[in-house]
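A.B. asks: Spelled out from the first residue to the last, the chains are:
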Amino acid sequence: GESVGLHLPTLSVQEGDNSIINCAYSNSASDYFIWYKQESGKGPQFIIDIRSNMDKRQGQRVTVLLNKTVKHLSLQIAATQPGDSAVYFCAETGAGSYQLTFGKGTKLSVIP
Amino acid sequence: GAGVSQTPSNKVTEKGKYVELRCDPISGHTALYWYRQSLGQGPEFLIYFQGTGAADDSGLPNDRFFAVRPEGSVSTLKIQRTERGDSAVYLCASSLTGRDGYTFGSGTRLTVV
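Chains as they are written, first to last, in our numbering: chain A, 41 to 152; chain B, 467 to 579.
The set of hints was computed from the structure by calculation and includes no laboratory data.
Model, not experiment: these values are computed from the prediction.
Be aware that a few hints might be false.
What the hints assert, rightly or not - Simulated crosslink set (SDA-like; lysine to any residue; CA at most 25 Å straight-line):
1. 477(B) x 80(A)
2. 82(A) x 125(A)
3. 144(A) x 550(B)
4. 144(A) x 569(B)
5. 144(A) x 523(B)
6. 82(A) x 527(B)
7. 96(A) x 563(B)
8. 144(A) x 485(B)
9. 144(A) x 534(B)
10. 82(A) x 529(B)
11. 544(B) x 569(B)
12. 144(A) x 510(B)
13. 544(B) x 495(B)
Build the full structure now, drawing on both the sequences and the hints.
C.D. replies: Written out as structure tokens, the structure reads:
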């Protein structure tokens with residue numbers, strides 16, 4: 041099938057290393073943020089979310105950091121595995137809104 | 467069901483034809499969304515349902531696009547007089563309340579020839 045990663049920024053990491061994927065957002069009213077993983081031919085898969093009253097949230101092997109001052113979001117993946125290879129999108133929504141606005145996406149390639 | 471189900475997974479249609487895309491959300495999810503994803507881009511919002519009603523249809527690109535959710539569960543996205551520019555992956559998502567983690571289906575890849 042077609043790759044959703046065509047023409048996207050690419051991050052290549054060695055298996056076992058940590059990965060950091062960054063996302064800048066523009067809407068200062070955004071109060072809910074989600075990271076999604078999308079494999080080729082599949083829909084976006086929820087990874088982790090964070091609300092604007094927090095600056096850090098941890099899940100299994102993943103951590104999301106939110107810096108509202110500079111409107112920056114990052115996803116850290118510990119001990120990256122080949123199965124982590126995919127396109128990663130950040131998404132945001134604002135108070136009272138139900139629309140998700142997606143960022144441009146980053147293609148993560150894990151080198152075995 | 468266990469996840470969001472979309473049918474068909476692929477649809478090829480001729481320019482000018484009418485198409486319907488179906489979405490079965492997770493059972494009990496009151497919120498349902500349609501998004502469109504072009505190659506190399508993130509999904510773009512089309513429409514949001516809360517129950518049976520379209521709470522926000524501001525993302526529909528023009529009046530050729532219409533969506534319904536008559537019983538508050540299954541939704542159908544309808545596209546009239548399809549154009550080649552409508553070719554994309556149409557994604558459906560559902561959530562329990564509307565402000566929690568959305569679950570997406572695998573999408574319908576629409577190709578207009």
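A.B. asks: Residue 82(A) and residue 125(A): Cα distance at most 25 Å?
C.D. replies: Status holds; Cα separation ~13 Å.
A.B. asks: Below or equal to 25 Å on CA atoms is what counts here, so check residue 144(A) against residue 510(B).
C.D. replies: Holds: residue 144(A) and residue 510(B) sit about 11 Å apart, inside 25 Å.
A.B. asks: Does residue 495(B) sit within 25 Å of residue 544(B), going by the straight-line distance between their CA atoms?
C.D. replies: holds (21 Å)
A.B. asks: Is it true that the CA of residue 96(A) sits at most 25 Å from the CA of residue 563(B)?
C.D. replies: Given that 25 Å is the threshold and the Cα spacing comes to 24 Å, the pair holds.
A.B. asks: When you check the alpha-carbon spacing of residue 82(A) and residue 529(B), does it fall within 25 Å?
C.D. replies: Not OK: residue 82(A) and residue 529(B) at ~28 Å, beyond 25 Å, violated.
A.B. asks: Just to be careful, I want the Cα atoms of residue 144(A) and residue 534(B) compared with a cutoff of 25 Å; is the pair within it?
C.D. replies: violated (29 Å)
A.B. asks: With a cut-off of 25 Å on the C-alpha distance, tell me whether residue 82(A) and residue 527(B) pass.
C.D. replies: holds (24 Å)
A.B. asks: So if I understand the rule, the pair passes when the alpha-carbon distance is 25 Å or less; does residue 144(A) with residue 569(B) pass?
C.D. replies: holds (19 Å)
A.B. asks: Tell me if the straight-line CA distance from residue 144(A) to residue 523(B) falls inside 25 Å.
C.D. replies: OK: residue 144(A) and residue 523(B) at ~23 Å, within 25 Å.
A.B. asks: Is the straight-line distance between the alpha-carbon of residue 544(B) and that of residue 569(B) 25 Å or less?
C.D. replies: holds (21 Å)
A.B. asks: For a C-alpha distance cap of 25 Å, please report whether residue 144(A) and residue 485(B) respect it.
C.D. replies: violated (28 Å)
A.B. asks: Please verify whether residue 144(A) and residue 550(B) have alpha carbons no more than 25 Å apart.
C.D. replies: holds (23 Å)
The structure fails to meet hints 8, 9, 10 from the earlier list, while all remaining hints are met.
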